[in-house]
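**Student:** Okay, here's what each chain looks like letter by letter:
4 protein chains.
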Amino acid sequence: MRNSFGNRITVTLFGESHGEYIGAVLDGLPAGLNIDLDFIKDRLNLRKGEKEFSTARNENDDFKIISGAYNNFTTGSPLCIVIKNQDARPSDYGDCLTSLRPSHSDYTAHIKYGGFEDFHGGGHLSGRLTAPIVAAAAILIPALKAKGIEIGSHILRCGDICDREFENVKEDISALYSMPFAVLDSTVKSKMQEKILELKKEGDSIGGAVETAVIGLPCGIGEPYFDSTESMLSHAVFSIPAVKGIEFGLGFDFAKTTGSKANDAFCICDNRIITSTNNSGGINGGISNGMPIIFKTAIRPTPTISKEQNTVNIKTGENVKVAFSGRHDPFIVHKAVSVINAVTAITLADLLSENYGTDWLVK
Amino acid sequence: MRNSFGNRITVTLFGESHGEYIGAVLDGLPAGLNIDLDFIKDRLNLRKGEKEFSTARNENDDFKIISGAYNNFTTGSPLCIVIKNQDARPSDYGDCLTSLRPSHSDYTAHIKYGGFEDFHGGGHLSGRLTAPIVAAAAILIPALKAKGIEIGSHILRCGDICDREFENVKEDISALYSMPFAVLDSTVKSKMQEKILELKKEGDSIGGAVETAVIGLPCGIGEPYFDSTESMLSHAVFSIPAVKGIEFGLGFDFAKTTGSKANDAFCICDNRIITSTNNSGGINGGISNGMPIIFKTAIRPTPTISKEQNTVNIKTGENVKVAFSGRHDPFIVHKAVSVINAVTAITLADLLSENYGTDWLVK
Amino acid sequence: MRNSFGNRITVTLFGESHGEYIGAVLDGLPAGLNIDLDFIKDRLNLRKGEKEFSTARNENDDFKIISGAYNNFTTGSPLCIVIKNQDARPSDYGDCLTSLRPSHSDYTAHIKYGGFEDFHGGGHLSGRLTAPIVAAAAILIPALKAKGIEIGSHILRCGDICDREFENVKEDISALYSMPFAVLDSTVKSKMQEKILELKKEGDSIGGAVETAVIGLPCGIGEPYFDSTESMLSHAVFSIPAVKGIEFGLGFDFAKTTGSKANDAFCICDNRIITSTNNSGGINGGISNGMPIIFKTAIRPTPTISKEQNTVNIKTGENVKVAFSGRHDPFIVHKAVSVINAVTAITLADLLSENYGTDWLVK
Amino acid sequence: MRNSFGNRITVTLFGESHGEYIGAVLDGLPAGLNIDLDFIKDRLNLRKGEKEFSTARNENDDFKIISGAYNNFTTGSPLCIVIKNQDARPSDYGDCLTSLRPSHSDYTAHIKYGGFEDFHGGGHLSGRLTAPIVAAAAILIPALKAKGIEIGSHILRCGDICDREFENVKEDISALYSMPFAVLDSTVKSKMQEKILELKKEGDSIGGAVETAVIGLPCGIGEPYFDSTESMLSHAVFSIPAVKGIEFGLGFDFAKTTGSKANDAFCICDNRIITSTNNSGGINGGISNGMPIIFKTAIRPTPTISKEQNTVNIKTGENVKVAFSGRHDPFIVHKAVSVINAVTAITLADLLSENYGTDWLVK
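Going down the list, the protein sequences come from chains A, B, C and D.
Just so we're aligned, residue 1 is where the first sequence starts under my numbering, counting upward by one.
Just so we're aligned, residue 1 is where the second sequence starts under my numbering, counting upward by one.
Just so we're aligned, residue 1 is where the third sequence starts under my numbering, counting upward by one.
Just so we're aligned, residue 1 is where the fourth sequence starts under my numbering, counting upward by one.
Next up, chain A with everything else stripped away, as it sits in the complex (with noise of 0.2 angstroms):
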């Protein structure tokens, strides 16, 4: 299915940038989950990122489960949660779609299709999708949390400013928790908002990466072949826009390597089986390890800027020159950082229920 992730917990995405309201619908999961709204509140705020380095659309995201959930548990039928729209303007964005933002998928959306796409900021393809993603995992979030499996990301670069990577990774998760702004080493963030700033200041957008650490999972989820922990999760993680790049462990730099040094030696410690090193990211043969897993996205930065730039008029069919004034981000990092966490919660719960069945969710 088109729109959909996940093989027995299943999402399902819907909705558009401009319209009335945007959605998902949570499948699979198991009666008697408990929900609580306030987390998922907390999750929805928490992507929309510190205001100052984000969009001017000011959206609350109040949030409605309309089916699924009895007294904040789980039914065990398809939980379909919807988020309304309150700002949206696609006034903005003019009667039909004229210049074509450079890189932006106002374009590729436009062939494929065929000129019936709402084109308002974007559509079906805008990152105000992500929205329900995040309401979503946050309904798996806590399941997992009670498994002792724990999920954190941080901004590892905005430009040529650089965070720490991880150390010590579960503090370094606890420190991230709910960070609007994360970063592990806190002397890089003002470095990074003002560097954001700056580009703000010249209708600019800057790009980043994104560090994250699971602890917690154990040994022996995934699939070889195809459904391997990395392709599920490169899947999904490739599915949040602006995402171009992702490796695990020491991803690209083990082109570099050999394998006397690249490999992670297997040792008895406290009578478990674990690796001295981690450079496999806590992944061998698409299959979970029992290390933390380990993982880094590269995020493009924002197409939309309003800096002037060449482009097409596709109504004209003339090749112009532009600068795009509507509501935009000049950095998305950080709110891809909730979504990074959101997108990996799922693809966990997905793959442990592949596994073990959903009872896991509540026992």
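Check before you lean on any hint, since a few could be wrong.
Heads up, the list lumps identical chains together, so a pair's fine if it works in one copy or across two of them.
[Claimed, not checked] Below, in silico cross-link-like pairs of lysine-lysine (DSS-like), each with a Cα-Cα straight-line distance of 27 angstroms or less:
1. K41 to K84
2. K191 to K261
3. K147 to K363
4. K261 to K48
5. K195 to K261
6. K145 to K261
Derived by calculation from the structure, the hints in this document are not laboratory data.
On a predicted model such as this, the values are computed, not experimentally measured, just so you know.
Starting from the known structure of chain A, arrange chains B, C and D on it as the hints suggest.
**Tutor:** Relative to chain A, chains B, C and D alone:
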């Protein structure tokens, strides 16, 4: 389904490294697709790489299509292709799993399958299983070519030695067509090969990277959210053993740049809309934009090496030092080139069929 | 996915009988399909049946398409349609499940969902959920009709009172088009209705059968083994509550006859290959043969009745006698007519798209 | 996927009637399931029926498991089972399709596959393909039995001759266990067989019906809407060639009765909730209720007969009269018994795994 890939055209993989047969079922093919047996044979031969730089295992890869074809045309029924393992030597691996190969799937498979896995040479998780993937893709590649869609990959990097990147993509793809050790800059080949032989002598292995290009893919392929072109390609590519990273277009370099520099300006050229740069790697908003698809894949060094390593004997539960003696590859990146081309072909054939149905394959 | 149907065009259903909304997500639609809101309203009204013979629950079935459409054309993104429950009265069902309605899903849902189900009026398992199915189908029916494919159903039987079978299929379908109590022989209508009112008075209900015909379906639709036209239609039809049997063409009468009598002879007629009889109900080897598809569906009497019955109080664990007092239908077969038409439309649209892609819906 | 069935445990079928091999891939099995090769052989033998009443084609059904098993235990990887066609005689069917067998898939497959189908003996659409289904099910049946779930079917009807229905279901299933011509009332066997031989002599065939019972299925299996137990079983059963009807419990007799008569009263018996009658055939609201599952299947007479029939020669485009001379079955209902048991086992194993994961198969 755990061991299948694709929504419209589906590949299901089966077999073990040292079993009697390995194979694949290709389902969803239209009737009337001409099958070129020689081309399949060629592609299987290419996958073996140059002998000197590969495993000593000697496989003819004799294949047989046992269903779904009649007089060398597809019938529209599921096509099953089997390849006999002729040089299987399960005894090389002993009676049961003992010392875990560091960074190999020995351990994760053992935990996942509770000791019932066929552990000889990795069993189902072996790189040997990429042979039926290559065979299945070789049925689709001529149909893609007939539509003007061509795929090529080269060894971008072997340790510190780098090939040049794609320049004139069409010509470059042609040049790579039947190279068993595919590089664009012929001067780097001998340097890479010397490096590999040196590491082979030391009982070590080395990693690398592959760059892949696709030309002729029309604009509009791929789905927003979840089944984006990047999601589907990365899903397929990460199912290849040893892949640890993927990036599209500028990839991780997007993290360091601004929107104004990274954006690909649209322009009208010969009455077609193209982009003047291709930093996006041919994909905007998860949907192909008509420019070449460009991506890079990171390949870890083969974990099986004959140098002594620290590990655990899972039978005795003791920390041990071991040097592995089985047949293995000092370098797999030249073989990965074939497999990446294969999964790219399968993924694109599937995504095209999502848009157009499957009749394009035969018309 | 548990609560979805269809491979190419997929319906995901959500909602509960006495929740705030019920709805469906329709995914896989091409962009540019014109949506006729009045037609959707008409179909929803027809589903309600004639008031006198139906539940006293009073629902307007006001619906809203909250995504996937713009200016009454599909955008190619998932289309979500929601229907407000206006006359929900969960209090009719008490605080918790007590006496199990015999032959109802009260018990099976309670065991399946461990007491977390929304049991009011059957919750997700209610016939109320057929409304979004009818709405979703009403988006596809005009596209099928534009290709010459028409679907009609009538009440073949109400207890012992039988309607005539289809004769001139095309005319019969037209005649049935907007009948809320659909019969081919107008003289049986009042007999059936008298019977129903009599049973209603007694606090009882009555079963029946529906005959369905489809014309215009081209030869070649359906897959051999597993996704045969019969497999897919029966899968869809059995998802309608109260359906307990289905037969195609002669159906169970095939059991009594010989090959020489049952076979449908092929003949050339007006340069087309047709069959001189249609005992096969338009399907050979699971694939449509170009003749009308004909099938019959058995519908059990509504299990909820107000006559006293023996049952168990699941709260106290005692055998009890109960007469149920909620609002319910003495007869649902006239309403099932709409729903069978709807799932038939969805199934055939999906199977056609398997053959042709989805562009046929808009071209 | 077109030629696969099942969500958690998936069967993919391949092969043609007169090709070299037929087979199936069974995916989703847990590791550690013991495979009883003799039991598979027994079930394949039973499927052949009693020789005198079946096709003259002589197949040993020698099978080989070529992947997914090691030392007769499943490994958790896809299990591929192949069966060699030893008595294939494609020359019986000539060089190309000429006279269409009435009510056979000759015509529909020809149109669907545009003349590229392997038409010999029906190719992929042949009843021969039920052999790998039976083999695949024989891997699951012992695991179901270990959980107390047993499946049995008998020839309920052959033309006008009827067997008695199930009474003491457990005993009846045991009695049917290894009958190649399965009837409950031994006195009807010879009557049926006389009838069949009489029709065979006339070059004709005869239809029939099968009744199936399942005991031991726990309450709570099956999903409301779309993947109901009835939807999934009917989907699977209609994939068997020649099936034209299915009914659960009272089935079409529900149409003639009232709620008060049809409802199955709940009662407490030995501290368990059961129903005092089983008109519902063990399913309420699409979900199993713990009582025996009971359904009946209508089987059409084999369309291939040697009596003269009117048909069309598709090569010449002329109306012709033809008597077919190949090897065929005068009666297939005794063989259908095995196949219905097989698809029932596969479907229930899949539905159980939907509820519980797949570990129940090995624990």
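**Student:** Each hint should be assessed against the structure and marked as holding or not.
**Tutor:** Do the hints match the structure? See the list:
1. K41 to K84: both (13 angstroms within a copy, 24 angstroms between copies)
2. K191 to K261: Close across copies (21 angstroms), not inside one copy (35 angstroms); limit 27 angstroms.
3. K147 to K363: both (9 angstroms within a copy, 23 angstroms between copies)
4. K261 to K48: Between. Shortest inter-copy distance 26 angstroms satisfies the 27 angstroms Cα cut-off; intra-copy 41 angstroms does not.
5. K195 to K261: For K195 and K261, only the inter-copy Cα distance (16 angstroms) is at most 27 angstroms; the intra-copy one is 37 angstroms.
6. K145 to K261: Neither, since 34 angstroms and 41 angstroms both go past 27 angstroms.
In the structure shown, a violation is registered for the earlier hint numbered 6 alone.
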